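> Please work from the sequences and hints to get the whole structure.
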Amino acid sequence: MKLDYIENYNELQENLVRLYNFDKSEAIKFRDLLIEVVILKKQKLDLAQVDFIEPVNCNLILGLFKTDEGILTKDNQTFFCILTVKGFENMIKLITPFCKKESRAHQYLYDIDNPTDFLFCPSATTI
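Numbering (this note's numbering), first residue to last: 1 to 127.
Derived from the structure by calculation, the hints contain no laboratory data.
Be a bit skeptical, because a hint or two may be false.
[Unchecked claim] Restricting the straight-line Cα-Cα distance to at most 25 Å, the calculated cross-link-like pairs of lysine-lysine (BS3-like) are:
#1 Lys93 x Lys24
#2 Lys42 x Lys74
#3 Lys41 x Lys66
#4 Lys86 x Lys41
#5 Lys74 x Lys2
#6 Lys66 x Lys100
#7 Lys44 x Lys29
#8 Lys93 x Lys74
#9 Lys41 x Lys93
#10 Lys29 x Lys74
#11 Lys2 x Lys24
#12 Lys42 x Lys93
#13 Lys44 x Lys86
#14 Lys86 x Lys42
#15 Lys100 x Lys24
#16 Lys74 x Lys100
#17 Lys24 x Lys86
#18 Lys86 x Lys66
[Claimed, not checked] Derived CB-CB ranges, DEER-like:
#19 Ala48 x Tyr9: 20 to 26 Å
#20 Glu102 x Lys74: 22 to 28 Å
#21 Leu72 x Leu33: 17 to 23 Å
#22 Ser25 x Lys74: 19 to 25 Å
#23 Ala105 x Leu33: 30 to 36 Å
#24 Ser25 x Lys93: 17 to 23 Å
#25 Glu11 x Lys100: 31 to 37 Å
#26 Arg104 x Ile39: 17 to 23 Å
#27 Asp23 x Gln49: 16 to 22 Å
#28 Thr78 x Gln13: 30 to 36 Å
#29 Asn76 x Glu11: 17 to 23 Å
#30 Asp113 x Lys44: 20 to 26 Å
The structure displayed is predicted, hence computed values, not measured ones.
Backbone N, C-alpha and C fix where the C-beta goes; we use that ideal spot for every residue, glycine too.
Okay, here's the thing in C-alpha coordinates:
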(Lines of atoms letter the chains of each structure in order from A and count residues from 1; the text may use other names and numbers.)
(Lines give C-alpha, C1' and ligand atoms only; values in the text may rest on other atoms or scores of the structure.)
Protein backbone atom coordinates (compact mmCIF):
# COMPACT_ATOMS: atom_id res chain seq x y z
CA MET A 1 0.00 0.00 0.00
CA LYS A 2 1.32 3.41 -0.95
CA LEU A 3 0.41 6.90 0.24
CA ASP A 4 0.83 10.03 -1.83
CA TYR A 5 -0.38 13.61 -2.36
CA ILE A 6 -1.50 15.03 -5.69
CA GLU A 7 -1.96 18.79 -5.88
CA ASN A 8 -4.60 20.32 -8.20
CA TYR A 9 -5.69 16.97 -9.64
CA ASN A 10 -8.73 18.45 -11.38
CA GLU A 11 -10.01 21.68 -12.93
CA LEU A 12 -11.48 22.74 -9.56
CA GLN A 13 -7.99 23.09 -8.03
CA GLU A 14 -8.74 20.25 -5.61
CA ASN A 15 -6.06 18.11 -4.00
CA LEU A 16 -5.91 14.42 -3.29
CA VAL A 17 -4.33 12.30 -0.58
CA ARG A 18 -4.41 8.76 -1.86
CA LEU A 19 -3.92 5.28 -0.46
CA TYR A 20 -3.32 3.05 -3.46
CA ASN A 21 -1.69 -0.04 -4.93
CA PHE A 22 -2.92 -2.60 -2.40
CA ASP A 23 -4.75 -5.91 -2.19
CA LYS A 24 -7.57 -7.27 -0.04
CA SER A 25 -5.26 -8.34 2.80
CA GLU A 26 -3.81 -4.82 3.15
CA ALA A 27 -7.31 -3.30 3.03
CA ILE A 28 -8.24 -5.58 5.94
CA LYS A 29 -5.11 -4.56 7.88
CA PHE A 30 -5.85 -0.86 7.30
CA ARG A 31 -9.50 -1.23 8.35
CA ASP A 32 -8.50 -3.16 11.48
CA LEU A 33 -5.91 -0.51 12.41
CA LEU A 34 -8.54 2.23 12.10
CA ILE A 35 -10.88 0.31 14.38
CA GLU A 36 -8.23 -0.61 16.96
CA VAL A 37 -6.17 2.59 17.16
CA VAL A 38 -8.54 5.43 16.28
CA ILE A 39 -11.97 4.18 17.36
CA LEU A 40 -11.26 1.84 20.28
CA LYS A 41 -8.06 3.35 21.76
CA LYS A 42 -8.92 6.91 20.63
CA GLN A 43 -5.29 7.47 19.59
CA LYS A 44 -3.75 9.08 16.52
CA LEU A 45 -2.76 6.76 13.68
CA ASP A 46 0.45 7.91 11.95
CA LEU A 47 0.56 6.13 8.59
CA ALA A 48 4.33 6.68 8.24
CA GLN A 49 4.73 4.31 11.20
CA VAL A 50 2.65 1.52 9.64
CA ASP A 51 4.90 -1.24 8.25
CA PHE A 52 2.74 -2.10 5.20
CA ILE A 53 2.25 1.54 4.07
CA GLU A 54 4.93 3.22 1.97
CA PRO A 55 4.77 7.04 2.07
CA VAL A 56 5.74 8.39 -1.36
CA ASN A 57 5.73 12.18 -0.96
CA CYS A 58 3.74 12.89 2.21
CA ASN A 59 2.54 11.57 5.56
CA LEU A 60 -1.01 11.27 6.90
CA ILE A 61 -2.01 11.19 10.56
CA LEU A 62 -5.59 10.21 11.37
CA GLY A 63 -7.23 11.33 14.59
CA LEU A 64 -10.48 12.12 16.35
CA PHE A 65 -11.96 15.61 16.56
CA LYS A 66 -15.25 17.13 17.71
CA THR A 67 -16.31 17.91 14.11
CA ASP A 68 -15.65 16.34 10.72
CA GLU A 69 -12.98 18.54 9.12
CA GLY A 70 -11.38 16.12 6.64
CA ILE A 71 -7.75 16.43 5.60
CA LEU A 72 -5.83 19.56 6.58
CA THR A 73 -2.19 20.58 6.13
CA LYS A 74 0.10 23.56 6.60
CA ASP A 75 2.98 22.40 4.42
CA ASN A 76 1.65 19.88 1.83
CA GLN A 77 3.94 17.26 3.43
CA THR A 78 2.25 16.29 6.68
CA PHE A 79 -1.52 15.90 6.51
CA PHE A 80 -4.04 15.40 9.29
CA CYS A 81 -7.34 13.63 8.70
CA ILE A 82 -9.56 14.77 11.54
CA LEU A 83 -13.01 13.29 11.87
CA THR A 84 -15.53 12.40 14.56
CA VAL A 85 -15.99 8.79 15.69
CA LYS A 86 -19.02 8.70 13.39
CA GLY A 87 -16.86 9.98 10.49
CA PHE A 88 -14.32 7.19 11.04
CA GLU A 89 -17.08 4.60 11.42
CA ASN A 90 -18.42 5.72 8.04
CA MET A 91 -14.89 5.46 6.58
CA ILE A 92 -14.72 1.86 7.81
CA LYS A 93 -18.04 1.10 6.08
CA LEU A 94 -16.63 2.55 2.84
CA ILE A 95 -13.46 0.44 3.14
CA THR A 96 -15.25 -2.83 4.00
CA PRO A 97 -16.13 -3.86 0.39
CA PHE A 98 -12.38 -3.85 -0.41
CA CYS A 99 -11.90 -6.26 2.51
CA LYS A 100 -14.35 -8.80 1.10
CA LYS A 101 -12.91 -9.24 -2.40
CA GLU A 102 -10.22 -7.93 -4.70
CA SER A 103 -11.42 -4.84 -6.54
CA ARG A 104 -10.39 -2.40 -9.23
CA ALA A 105 -12.91 0.18 -7.99
CA HIS A 106 -12.05 3.23 -5.91
CA GLN A 107 -13.75 5.06 -3.06
CA TYR A 108 -13.55 8.55 -1.59
CA LEU A 109 -13.38 8.08 2.18
CA TYR A 110 -15.39 11.14 3.20
CA ASP A 111 -17.76 13.67 1.69
CA ILE A 112 -16.80 16.99 3.25
CA ASP A 113 -16.52 20.41 1.60
CA ASN A 114 -12.75 20.51 1.85
CA PRO A 115 -10.08 21.23 -0.80
CA THR A 116 -8.36 17.87 -0.16
CA ASP A 117 -10.09 14.56 -0.86
CA PHE A 118 -9.08 11.16 0.55
CA LEU A 119 -9.06 8.42 -2.10
CA PHE A 120 -8.84 4.67 -1.45
CA CYS A 121 -7.80 3.06 -4.73
CA PRO A 122 -6.35 -0.48 -4.87
CA SER A 123 -5.60 -0.60 -8.58
CA ALA A 124 -3.97 2.81 -9.05
CA THR A 125 -0.28 3.14 -9.72
CA THR A 126 2.21 5.98 -9.32
CA ILE A 127 1.63 8.95 -11.57
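> Identify every previously stated hint that the structure contradicts and give their numbers, smallest first.
6, 8, 10, 16, 20, 22, 23, 26, 28
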